[in-house]
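K.L.:
Residue strings, one per chain:
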Amino acid sequence: MSGALVAYRWEVRKLLSQKRTYIGIGAAAVLPVVFVTVMALQKGGPYDAPLGHNLRRTGLALALVVLTFVSRFGAQLAVALVAGDIVANEHAGKTLKMILTRSLRRGQILAGKTLASFTYVLVTLLALGLAGLVAGSIAWGFNPLTNLSGVQVSAFRTLWLSAAALGVFALPLIAVAAFALLLSTWTRNSAAAIVGTLVYAVGQEAIGGLVHQDWARHYLLSDQFDGWHGLFMSPVAWTPIIRAIWVSALFVAVPLALAWAIFRRRDVADD
Amino acid sequence: MPDERPVEVRGLVKRYGAVTAVDGVDLTVDAGDVYGFLGPNGAGKTTTLRILLGLIRSDEGEARLFGRDPQHELPTALDGVAGFVETPYFYPYLSGRKNLELLAAFDRDGGRKRIDQLLRLVDLERRADDRVNGYSQGMRQRLGVAASLLRDPRLLLLDEPTNGLDPGGMRDMRHLVVRLSSEGITVLLSSHLLAEVEEICNRVAIIRTGRIVYEGTLADLRASAGSNRYRLRTTDDARARQILLTHPEARDVILGGDELTFSCAEAEVGGISRALVEGGLGITALVPEELSLESLFFELTEDEPQEAAA
Chain A
2 MSGALVAYRW
12 EVRKLLSQKR
22 TYIGIGAAAV
32 LPVVFVTVMA
42 LQKGGPYDAP
52 LGHNLRRTGL
62 ALALVVLTFV
72 SRFGAQLAVA
82 LVAGDIVANE
92 HAGKTLKMIL
102 TRSLRRGQIL
112 AGKTLASFTY
122 VLVTLLALGL
132 AGLVAGSIAW
142 GFNPLTNLSG
152 VQVSAFRTLW
162 LSAAALGVFA
172 LPLIAVAAFA
182 LLLSTWTRNS
192 AAAIVGTLVY
202 AVGQEAIGGL
212 VHQDWARHYL
222 LSDQFDGWHG
232 LFMSPVAWTP
242 IIRAIWVSAL
252 FVAVPLALAW
262 AIFRRRDVAD
272 D
Chain G
5 MPDERPVEVR
15 GLVKRYGAVT
25 AVDGVDLTVD
35 AGDVYGFLGP
45 NGAGKTTTLR
55 ILLGLIRSDE
65 GEARLFGRDP
75 QHELPTALDG
85 VAGFVETPYF
95 YPYLSGRKNL
105 ELLAAFDRDG
115 GRKRIDQLLR
125 LVDLERRADD
135 RVNGYSQGMR
145 QRLGVAASLL
155 RDPRLLLLDE
165 PTNGLDPGGM
175 RDMRHLVVRL
185 SSEGITVLLS
195 SHLLAEVEEI
205 CNRVAIIRTG
215 RIVYEGTLAD
225 LRASAGSNRY
235 RLRTTDDARA
245 RQILLTHPEA
255 RDVILGGDEL
265 TFSCAEAEVG
275 GISRALVEGG
285 LGITALVPEE
295 LSLESLFFEL
305 TEDEPQEAAA
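Protein chains in written order, with my numbering: chain A, 2 to 272; chain G, 5 to 314.
Certain hints may be false.
Below, a sample of chain A positions facing chain G; criterion: calculated Cβ distance under 8 Å [claimed, not checked]: (1) S3; (2) H92; (3) I100; (4) G108; (5) L160.
Among chain G residues calculated to face chain A with C-beta under 10 Å, some are [stated by the list, open to error]: (6) L59; (7) L82; (8) A86; (9) Y95; (10) R112; (11) Q121; (12) L161; (13) S186; (14) G188; (15) V273; (16) G274; (17) S277; (18) R278; (19) E282.
In case anyone wonders, no lab produced these hints; they're calculated from the structure. As the structure is a prediction and not an experimental result, all values here were calculated from the model. By construction, the Cβ of each residue, glycine as well, lies at the ideal position given by its N, Cα and C atoms.
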């Protein structure tokens, strides 16, 4: 097994042993249930949200509507809690000097941490998707969905499109994780990395709100959280999806390159 | 590279801003040594060990472990080398055994099969499956030794290994170091405890404010002090004092307690003892006064402002 995979495997085991890991995953799993419960207790709902008009008609819309709600802040917070801590807690716990004196290279250790952070993003979204599917289907049934172009889509096709939508949504969220990892490496302070990541995410939202030129807004990370909408148009709008892929990739590559540059040369001494 | 020295350091310098923590350090540790790296807190011991383990980069100089440079040849430079700086730290939410399994995995599963054996060796077998956050300082220290031995090292770098241990734990740790040495492991051990170094080390380096002020054996260190002071007991110390005071080669004669002390050149001791006997005295003891290691240590490490960082 390559060194990075060894580090990855143990990073995942370490994450599984820490309470903070379950905060984001637990919230992602609970949120759709809360959403359904609140809607059951009152009339109306967020029908103006993308695909919101499907709520109460099909449970398949639930996870996608919740995704819109968490895309502005909640998802970033959940990711920052883990990715912002993953290097910094080794400094705080003084365990970094222990693992750096073994047989893995620094780059392999950082790669393991990066992959574990990205895995966490995917697991969190999976928890949200599965909980949304189960809670939504129980409450409103497994019915066809009317897409953003007003075309009815079969339940099974919607299921596949929802999985793809979670995948597209994961890309900018992974970019947020990459930034959190950079701050975690750079500041060596979990709190600073988590808060810094939230400022970064909210800052992109704010800039997106201020900038009226579409060409500029489209290249902000915040805009890529809506890229999955293209899957629910007829025909499928590939432009926002492809843009979400390459813009997110850019927002992943730059922080990771910086994190690697810092991590591989950093003196590991007690501050 | 079996012929290379375990540790060879030349002109090592590490600066933190305006502070020079390590200032031209030279060290040579030969195979089989239990080498004491002695100095007060903040003298530069830990910084030197961090450089040797590749945790920090030196600004100048060269450090080699079995001929390999830990600054540029990691992780291969640490092949056959293990140790820890300051207190060994572990993941508190994992058990002692899981921590060792993690470290074995990070060593490409090199020591995985020896985990049970090592847990027995450091007397942690019964607590191996408890989380480390419930371990005492001594248990963590012992787990640190087990973690080091997982690598089946030829060279152990231990930074203050008895730190935080109770007297029994300190004794056990010293016994363990002696035992490891007898099994052929070279040990470089930093400490500020003189008794510890005196008990288990065959060679020492003493560091003060980032500079080595002595390197060699403890016997040579004592000899180098060259006090030329002697302790004398006779059948009549008061009369002996009178004789010494009139002898041209005896100086600084002091009568205190049940003995006399005086200074003179080694070549004159015979003449002085003859004068005492000719004065009708019986000499019951005449021995050179040996400076304690402690006084030598303080002589070498004090009276200079503490500038260096740990």
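K.L.:
Can you give the numbers of the hints that this structure goes against, from lowest to highest?
P.N.:
1, 2, 4, 5, 11, 13, 14, 15, 16, 17, 18, 19
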